[in-house]
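There are 2 protein chains.
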Amino acid sequence: MEEKVNKDYKQEILDIIRSRNSPKVMREKLEDYHSNDIAQVLPDLQLKERENLYRLLPMDTLAEVMEYADGADQYLEEMDLRKAAWVLERMEPDDAADLLKESDSVKKTAWLELMDDSSRAEIKKLASYDEDLIASRMTTNYVTLTSNLTIKEAMHSLVDQAADHDNISVLYVLDEEGVYYGAIDLKELIIARQDSKLEDIIVTAYPYVYGSERIEDCLETIKDYSEESIPVLSDDNHILGVITAQDVAEVIDDEMGEDYAKLGGLTAEEDLNEPLRESIKKRMPWLILLLFLGMGVSSVVSVFEKVVAQLTIVMTFQSLILDMSGNVGTQSLAVTIRVLCDEKLTGKEKLHLIGKEITCGTFNGLILGALSLVAIGFYIMVFRHMPVASAFAISGCIGISLVVAMLISSAVGTVVPLFFKQIGVDPAAASGPLITTITDLVGVVTYYGLAWILLLEVMHM
Amino acid sequence: MEEKVNKDYKQEILDIIRSRNSPKVMREKLEDYHSNDIAQVLPDLQLKERENLYRLLPMDTLAEVMEYADGADQYLEEMDLRKAAWVLERMEPDDAADLLKESDSVKKTAWLELMDDSSRAEIKKLASYDEDLIASRMTTNYVTLTSNLTIKEAMHSLVDQAADHDNISVLYVLDEEGVYYGAIDLKELIIARQDSKLEDIIVTAYPYVYGSERIEDCLETIKDYSEESIPVLSDDNHILGVITAQDVAEVIDDEMGEDYAKLGGLTAEEDLNEPLRESIKKRMPWLILLLFLGMGVSSVVSVFEKVVAQLTIVMTFQSLILDMSGNVGTQSLAVTIRVLCDEKLTGKEKLHLIGKEITCGTFNGLILGALSLVAIGFYIMVFRHMPVASAFAISGCIGISLVVAMLISSAVGTVVPLFFKQIGVDPAAASGPLITTITDLVGVVTYYGLAWILLLEVMHM
Chain A
1 MEEKVNKDYK QEILDIIRSR NSPKVMREKL EDYHSNDIAQ VLPDLQLKER ENLYRLLPMD
61 TLAEVMEYAD GADQYLEEMD LRKAAWVLER MEPDDAADLL KESDSVKKTA WLELMDDSSR
121 AEIKKLASYD EDLIASRMTT NYVTLTSNLT IKEAMHSLVD QAADHDNISV LYVLDEEGVY
181 YGAIDLKELI IARQDSKLED IIVTAYPYVY GSERIEDCLE TIKDYSEESI PVLSDDNHIL
241 GVITAQDVAE VIDDEMGEDY AKLGGLTAEE DLNEPLRESI KKRMPWLILL LFLGMGVSSV
301 VSVFEKVVAQ LTIVMTFQSL ILDMSGNVGT QSLAVTIRVL CDEKLTGKEK LHLIGKEITC
361 GTFNGLILGA LSLVAIGFYI MVFRHMPVAS AFAISGCIGI SLVVAMLISS AVGTVVPLFF
421 KQIGVDPAAA SGPLITTITD LVGVVTYYGL AWILLLEVMH M
Chain B
1 MEEKVNKDYK QEILDIIRSR NSPKVMREKL EDYHSNDIAQ VLPDLQLKER ENLYRLLPMD
61 TLAEVMEYAD GADQYLEEMD LRKAAWVLER MEPDDAADLL KESDSVKKTA WLELMDDSSR
121 AEIKKLASYD EDLIASRMTT NYVTLTSNLT IKEAMHSLVD QAADHDNISV LYVLDEEGVY
181 YGAIDLKELI IARQDSKLED IIVTAYPYVY GSERIEDCLE TIKDYSEESI PVLSDDNHIL
241 GVITAQDVAE VIDDEMGEDY AKLGGLTAEE DLNEPLRESI KKRMPWLILL LFLGMGVSSV
301 VSVFEKVVAQ LTIVMTFQSL ILDMSGNVGT QSLAVTIRVL CDEKLTGKEK LHLIGKEITC
361 GTFNGLILGA LSLVAIGFYI MVFRHMPVAS AFAISGCIGI SLVVAMLISS AVGTVVPLFF
421 KQIGVDPAAA SGPLITTITD LVGVVTYYGL AWILLLEVMH M
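Protein chains in written order, with the UniProt record's numbering: chain A, 1 to 461; chain B, 1 to 461.
Isolated chain A (complex conformation):
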C-alpha cells in the first residue's frame, strides 16, 4: 500500500539548481515541478543561481513561473531587457498588466517598447480599466466560435485556438457581427454527435456581466452562478474578456480582506512584508479622527464632573458600560456590513434589519442588565462595604444604562452603515470611528445622567 507523500518540494528544487548537472539535465528535472513551486524558491536563490535559472528554463515555463512569483518585477529586472519583454509577452496578459502596474522599474517603458504590438496593446488596454470595475479583473485568455459553424468545424476551431488559450471549459459564441450570442459548455461539444447542429448546444441564457459594472455590485451575482468562467461584455455587447472561477476566488479574497481590515480600524489590508511607513499611513486616519471625536466625548463627560466629584465610585464602572455598548455597536456594524455586501436591500429589508438588530440588542441588554444588577450589586456590597440600598441603587443605574446603551448602540451600529451606503460612502471604512463615538456618548450620558437623577437627586447619596 502506498505511503502518504510529504510535499516540501522547495528543498528538492534547490538541490537540483545547486547540483553540478548540465543545463539540459537540470531543465528536464525542473520540468517535473509545478511553476508555482519553482516560483516559491526564487527568493531563496543567489542572484547568480537565479540568472542560471532564467537561462535554462524554457521561455514559456519562465513566463508561468513569473505569473506565480511575488515581486516578479524585481526578477524581470535581473534579466536583460529583451528577455524580460519576451517573458511579458508569454505571460497571461492580465498577470503581465498587474505586474507592470505594481512595478516601479525604470525599465518598464523599455520592456513595453520591446514587446510585440498586439501584446503591448492588450496589456495597455487591461491596465487602463478602473480598479473598481470588474473589467480590471478579467483575463483575455478565452476561445470564441461563430454560431454558423458545424460541430466538426467548431471542434477544429477549438483545437487551433487551444494552443495559446487555456480557458476552454466554456466556449463563447459570436454572431456574424462578432456580437456576443451565447456560450457552449466544452463538455457538450465533446459529447455532441458530429451530425448535430452547433445551435442545439449553445446556451443563450448563459450569465454575463458588463465591464463597466463595479466589482462590489456584480460580485455576488458572479458567485451565485458559480460557472467556470463568465464573459465580460462591452456596452455594445462585444466580449472584452472573461472572469474565471480563479479570478472570482481572488476577488473575494481581496474584497473581504479590505472589509476585514476596515472593521479592524485600518484603511486598507496589510501584509507581513508591508513597509513600516505604509502601515502607519494605513492606521493614522482612523486614530486621528478618533482623537478629535474623543475630545468631543470628553467635553460631554465633563458635564458630569460634579456627579463624579460627589460619588466617585460611579466612575469606576464607566469603562464597563462603554466597552459593552461599543461592542454591541460593533456587532451590529459587522452584521450590517456583511449583509450590505451580500445583497441589494429593499427599503423593507432595511427596516427589517434595523428592527432585528434593535430587538437583538435590547434582549442582550436585558439579560446583561439583570446580570450586572445582581453581580455588581453584591460586588459593591461586599468589596466596597456599602449598605444594600445604595449598592443596588448603583448597580441598578448600571443595569438600566446597559439596557438603554445597548439598545441605542445596536440601532446606531445598523443605521450608520446603511446611511453611508445610501449616500455612496464606503460604509466599512466610514462607520467605525463614528459608531465608537456615538456609543460612547450614549453610554456616558445615560449612565451619569441616571446616576445624577437617581443617586444624587432622589437618594441624596
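Zero decoy hints are in this set.
Remember, identical chains collapse to one label, so a pair may be satisfied in a single copy or spanning two.
Quick list of in silico lysine to aspartate or glutamate cross-link-like pairs, DMTMM-like style, CA-CA up to 20 Å: (1) K83 - E113; (2) K197 - D32; (3) K223 - E269; (4) K152 - E188; (5) K223 - E258; (6) K223 - E255; (7) K197 - E28; (8) K350 - D271; (9) K10 - D224; (10) K223 - D8; (11) K344 - E269; (12) K29 - E199; (13) K344 - D8; (14) K348 - E274; (15) K101 - E269; (16) K223 - E250; (17) K83 - D60; (18) K421 - D217; (19) K350 - E274; (20) K223 - D253; (21) K24 - E51; (22) K223 - D254; (23) K101 - E122.
Hints were generated in silico from the structure; no laboratory data involved.
Using the hints provided, position chain B relative to the given structure of chain A.
Here is chain B on its own, set in the frame of chain A:
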C-alpha cells in the same frame, strides 16, 4: 449598434410560470434561462405554482435548480418522496450531501432509502467528513484515465465519462492499481496528435492535497496554485474527489466570513434571515465574558478613585485614552489574524511581526501623543480656564499615557493571537475580549498612575 441589456430575469420567469401556456411551451421557454435564475424566483412563487414547476421541469434541470436554491430542503419536501429522491440522485453529490446535512426534514431517511445505492453511498461518504477537513468541501464529479491508454483511447474514455461528469478541464490519471499518478490538462489532450503517447502529456508534478488536511492548513496552498481543480487523495494515495476553483471561492468566502464575524465580536457569521434566537446566541458569549472582565477593570479603576476625587477633570479624558489604545490593539489584532491565516510563520517571522507592530504603535503613539499634548492643552486652557502650567501638565499626562498605552496595546494585540494560535485555540474568536480588557487596564493604569504621581504628588494640583 447593440444596446446594453438589462438582466432582471426574475420578472420574465415569473410571467412565464404564471402564463396560461401549455406545460410543453412553458418548459421550452424556461429552458432558455439559467437554473440559478429559476432558483431565485422560487421564494416568490405560490406553493401551487411551485408544484407546477416541479411537474414541468425536466428532472435534470430541476436537480440543477435545487443545487442553486437556498433552503432547497423545504422545496424537496413539497415534492412527493420518490421525486425528491430522484432529484437528489441527479444533484451534484456534494450539494446533495450539504442539503441533507442542513435539512431537519422528517422525510430525510425516506429520501435516502428511495435513492439508488451508489448515490446513497456517495452522499453518506461525503457527509461523513469532519467539517474542518478539506475532504468535506470536495466534489466527486471528476474524470479519471489510466496511464496505459493511447491519446485516442483517452479521448474516447473522456467522451464516455463526460456525459455525467462535468469537471473535465483537468483529467486525473491512475496507475494499474488505481493509485493517483498525475493529471492531464484537457487542452493538452485536445491538441495532442493522435499518434503521440499519453505519457507525454501527463503532469506528474500536478499539485494535490490529502483529504485528512485541515482546510485552514491547505487553503493557502490551493489558492497559490490557482488550478481549475486539484485532486484530494486518501492517505494511501487514491483519489477521493477534487476541489474545483468554484469550491475554493466558496471556502475562502466562508473562512474569511467567519474571521470577519469574530473580529466583530460574534461567535459565527450571521445573515439577513437569521432567526433572532440564533443572533442572540452568537452575540451573548462575548458580551458576558466582557461583562465580567469589565468588572475586573472596574475594581482596578477604583484604586484611583482618590485621584479622581481630588482632580475630577482627569476622568473626563479616560474614554479618549481607552478608545485610542483599544483601537490600536484591534488594528494589531486584525493584521495578525490575517497574517496568521495567510501563512505559516517561523519563530523569526513572529518576532519580526511583533517588532513591527510595536514600532508602528509607538510611532502612531508619538504622533498622537504630541497632537493631544498641544490640542488638549489649549482646550483645557481655553474652555476650562486653567493656568497654562496645569493645563499642559494634564495634557502632558494624556500625551504620555497615549504613547505608553498604544505601545503596549499594539504588542498585546499581536502577542495574544500568536499565543492562542500556538496553543491551538482559534485566535480570531478568543483574542477580542481579552485584548479589550488588557488595553483598558493598560490605559487606565498608565493614565491615572501618571496623573497621581505627576499632578498630585509632584505638582500638588
